[in-house]
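Undergrad: Let the hints inform the model, and build the full structure from the sequences given.
For the record, the sequence lines run as chains Y and U.
Numbering-wise, the numbering used here puts 15 at position 10 of the first sequence, and it's gapless, one number per residue.
Numbering-wise, the numbering used here puts 514 at position 499 of the second sequence, and it's gapless, one number per residue.
Don't read these hints as lab results, they were simulated from the structure.
From the three backbone atoms N, C-alpha and C, an ideal C-beta is built for every residue, glycine too.
Any given hint could be a false lead.
Lysine-lysine pairs mimicking DSS-like chemistry, simulated, CA-CA at most 25 Å apart [claimed, not checked]:
{"hint": "1", "chain 1": "U", "residue 1": "541", "chain 2": "U", "residue 2": "478"}
{"hint": "2", "chain 1": "U", "residue 1": "602", "chain 2": "U", "residue 2": "618"}
{"hint": "3", "chain 1": "U", "residue 1": "472", "chain 2": "U", "residue 2": "393"}
{"hint": "4", "chain 1": "Y", "residue 1": "49", "chain 2": "U", "residue 2": "243"}
{"hint": "5", "chain 1": "U", "residue 1": "587", "chain 2": "U", "residue 2": "541"}
{"hint": "6", "chain 1": "Y", "residue 1": "44", "chain 2": "U", "residue 2": "243"}
{"hint": "7", "chain 1": "U", "residue 1": "541", "chain 2": "U", "residue 2": "660"}
{"hint": "8", "chain 1": "U", "residue 1": "166", "chain 2": "Y", "residue 2": "49"}
{"hint": "9", "chain 1": "Y", "residue 1": "43", "chain 2": "U", "residue 2": "243"}
{"hint": "10", "chain 1": "U", "residue 1": "704", "chain 2": "U", "residue 2": "693"}
Stretch-level coverage of chain Y by chain U, calculated; a stretch enters the list once three of its residues show a Cβ under 8 Å from a Cβ in chain U [stated by the list, open to error]:
{"hint": "11", "stretch": "25 to 34"}
{"hint": "12", "stretch": "37 to 47"}
{"hint": "13", "stretch": "51 to 57"}
So the chains spell out like this:
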Amino acid sequence: MFKYILQNAGNTNWMAILALVLFFAVFLFSIVWVITRKKDYVEKISRLPLED
Amino acid sequence: MTQVEHFHYDNAIVKKFAFATMLWGIVGMTVGLWIALELVFPALNFDLPWLSFGRLRPLHTNAVIFAFVGNGIFMGVYYSLQRLMKARMFSDLLSNIHFWGWQLIIVSAALTLPFGFTTSGEYAELVWPIDIAITLIWVVFGINMFGTIIKRREEHLYVAVWFYIATWITVAVLHIVRNLEIPTSALHSYGIFAGVQEALVQWWYGHNAVAFFLTTPYLGLMYYFLPKAANRPVYSYRLSIIHFWALIFIYIWAGPHHLLYTSLPDWAQSLGMVFSLMLIAPSWGGMLNGLLTLRGAWDRVREDPILKFMVVAVTAYGMSTFEGPMMSIKSFNAITHYSDWTIAHVHIGALGWNGMLTFGILYWLLPRIFDTKLHSVKLANTHFWLGTLGIIFYAIPLYWAAIVQNLMWRAFTPDGFLVYPNFLETVTQIVPMYGIRVIGGALYITGVVVGIYNLLKTAGSGKLVANEAASAPAFPTKHVAEGKEHWHRWIERRPMQLLIGSLIVVLIGGMVEMFPMWWVDDNVPKIESVKPYTPLELQGRDLYVREGCVGCHSQMVRPFRFETERYGEYSKSGEFIYDRPFLWGSKRTGPDLAREGIGKLKKSDSWHYSHLIDPTSTSPGSIMPAYPWLAEDDLDVSSTASKIKVLRQLGTPYDSGYETIANDDLAAQAQRIAKSLKGEGIEQAGIEKKEIVAVIAYLQRLGVDITVQTQAAK
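TA: What follows is the structure, given as structure tokens:
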């Protein structure tokens with residue numbers, strides 16, 4: 006149904022594709038980023054609220 | 016060697032927001048308690064317009080969301096942002112304009128909603144001049160927040176600040192799109208969207224009001240104040256980043272779960288359901304991150320009331336974010352939608368998550384800015400237990416009521432007839448549950464009163480440190496990269512990029528869901544026989560909006576046998592193309608009214624007259640408020656022309672120039688109804704000029720258009 010509607014709309018295809026691409030990009034990059042961070046850097050940031 | 020700078024944090028503004036949080040908390044919850052009592056004792060409506068349930072309900076929801084939680088957000092943001100940025104707020108003047116502007120908006124809401132000035136969109140009820148004021152004050156808040164971030168002394172933006180930034184930009188977008196409207200007078204307007212399209216925009220807005228007003232800013236507060244109170248860093252900072260991006264990306268899509276089995280096209284319903292289910296992952300990631308922050312400190316939870324409040328808050332967040340996705344599964348939603356389950360669900364969020372976290376923060380924060388100790392730990396514990404028990408006594412009876420009532424709605428005899436054809440039977444059955452709910456609410460408010468007493472005594476025992484001295488190294492003018500720089504670290508130092516990133520992420524969901532609905536005509540198949548309202552019906556409809564009838568009556572028959580058997584033909588999207596605002600509703604305390612003017616539900620004009628003046632005269636045991644003023648007050652017809660003009664501008668096919676003669680048609684139709692009332696024994700001089708005639712005209716129109724079509728087809 007969604008596909009049918011988007012086909013009829015003609016100019017909305019790019020939105021579905023962009024949504025999918027960005028969705029994966031955001032997740033992939035944030036996961037890669039958090040996994041590859043150095044431990045001391047993460048610890049430093051996570052202590053920010055405790056420094057007054 | 017970097018130079019150390021000395022500066023002062025502004026605690027005076029934090030104090031102002033803290034006191035406003037307490038004040039509006041009491042006000043909003045008391046109105047809630049009052050309307051809960053009205054459902055058990057309808058006499059408490061006192062036959063007064065401004066005390067009737069329909070008008071007070073939006074006052075309650077707005078007061079709790081925007082006044083109590085709103086001030087709570089600003090209190091927490093103004094405290095934590097300064098410390099996380101190691102800088103005073105950008106401008107004391109803007110802080111104060113923000114504070115007083117927001118309070119003025121709240122007061123103007125309290126002065127309009129009970130008097131029937133409403134647009135009726137849930138959580139977007141406020142009339143257009145207040146909408147503009149909200150926009151301006153929100154911009155002031157934004158300038159102040161970004162100004163502070165820009166002049167900061169701490170290079171990195173802690174995750175709480177990301178949540179604040181995403182909140183600010185998303186609320187701005189939601190507020191503007193939802194309130195696109197054309198005024199017909201100083202306090203009345205029609206929205207640019209109608210029917211099913213407005214429904215989609217409404218719940219894109221409404222659900223994200225929950226997401227980006229009640230959730231993301233409070234998650235920011237959780238990520239700051241929970242580590243503070245527990246005196247240890249968050250369990251996993253990495254998880255908090257995944258939590259952030261996943262949550263803001265997915266939340267924005269979830270709105271259509273408020274419209275399952277309605278006339279919204281199936282694809283949009285499925286999209287809403289799938290994204291709502293996905294929301295479990297980031298939500299529970301955040302909840303576990305909060306609870307696990309307390310690992311190794313659980314012994315302190317036994318003694319420290321602040322941690323108790325926070326643990327219950329985070330647990331309630333976990334419960335309602337599990338429940339929400341479950342309620343978005345279509346088959347389960349068929350049970351919960353329109354029932355008290357929804358009310359129980361939102362109160363787990365509002366009383367548990369927002370309420371308990373707010374008071375946890377207040378107990379932590381007030382002694383610090385007043386440089387004193389908490390007045391009484393014992394009273395704080397009393398507050399905690401009253402609040403926790405209050406939530407339980409509030410929610411469980413409503414879950415029970417929801418299941419009982421839904422089973423009654425869908426019960427069939429072996430011969431295929433409804434066991435409870437009279438809707439009222441299913442209401443009187445659950446009124447005792449409403450009674451227990453009142454006890455739960457009263458317990459919670461008692462706790463809040465105890466808490467506020469304790470907090471005021473605390474403040475009284477100290478002296479406000481209005482300007483708290485602090486020092487920090489100046490902001491490094493040149494960033495020294497530690498090796499090869501990563502893209503995210505680049506974003507993290509740049510608030511504007513973070514703002515734009517968040518904006519793109521939240522816009523995607525809104526665009527993909529809503530653009531096809533706006534552009535593609537196939538989504539709303541036209542029904543030839545559906546015609547615009549007559550001027551009298553239009554005025555009657557606006558009175559229906561004014562009285563907040565939509566708070567208890569839906570106009571959306573779902574395609575279930577137990578609904579079509581009770582109400583008639585299920586609703587089609589094409590029926591609503593002239594409906595501004597759409598009035599599908601989200602709760603049935605009374606029956607659905609979509610087919611009120613046709614078939615077996617049609618009643619005589621005199622029945623409606625008697626029922627509106629005194630509902631128990633026609634429906635013994637009814638808990639609906641009486642509307643005697645509708646028969647006393649003259650209908651204001653001076654607004655007809657401007658309403659017709661604006662509606663034509665928006666695409667309703669009224670002939671050009673019709674506004675000049677519309678009131679003639681209005682008077683003629685009113686005369687016909689007055690005559691029929693007289694024929695049925697209702698004697699009231701000048702009744703054709705009264706508001707009640709317009710309301711009757713509107714109620715008699717409901718569902719008529721599709722009957723015309725059926726006849727034409729035959």
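Undergrad: Going straight from one Cα to the other, do residue 43 of chain Y and residue 243 of chain U come out at no more than 25 Å?
TA: holds (24 Å)
Undergrad: Taken at face value, is the distance from the CA of residue 478 of chain U to the CA of residue 541 of chain U at most 25 Å?
TA: violated (67 Å)
Undergrad: Under the criterion that the straight-line Cα-Cα distance not exceed 25 Å, is the pair residue 587 of chain U, residue 541 of chain U satisfied?
TA: holds (9 Å)
Undergrad: Does residue 472 of chain U pair with residue 393 of chain U here, judged by a C-alpha cut-off of 25 Å?
TA: Status holds; Cα separation ~13 Å.
Undergrad: Within the stretch 37 to 47 of chain Y, is the number of residues with a Cβ closer than 8 Å to a Cβ of chain U three or more?
TA: Check passed, 7 qualifying residues.
Undergrad: So if I understand the rule, the pair passes when the alpha-carbon distance is 25 Å or less; does residue 49 of chain Y with residue 243 of chain U pass?
TA: The given pair, whose Cα atoms are some 15 Å apart, holds under the 25 Å limit.
Undergrad: Examine the stretch 51 to 57 of chain Y: at least three residues should have C-beta closer than 8 Å to a C-beta of chain U.
TA: holds (count 6)
Undergrad: Checking one constraint from the list: CA of residue 602 of chain U to CA of residue 618 of chain U, max 25 Å. Satisfied?
TA: holds (23 Å)
Undergrad: Given the hint that residue 44 of chain Y pairs with residue 243 of chain U, test it: the Cα-Cα distance must not exceed 25 Å.
TA: Given that 25 Å is the threshold and the Cα spacing comes to 21 Å, the pair holds.
Undergrad: Would you check the hint for residue 166 of chain U and residue 49 of chain Y, treating anything up to 25 Å between C-alpha atoms as holding?
TA: Holds, because 21 Å separates the two Cα atoms, which is no more than 25 Å.
Undergrad: Do the alpha carbons of residue 704 of chain U and residue 693 of chain U lie within 25 Å of each other, as the hint requires?
TA: holds (14 Å)
Undergrad: Closer than 8 Å, Cβ to Cβ, for at least three residues: run that test on the stretch 25 to 34 of chain Y against chain U and report holds or violated.
TA: Per the Cβ count (5), the hint holds.
Hint check: a violation occurs at hint 1 only; the rest are consistent with the structure.
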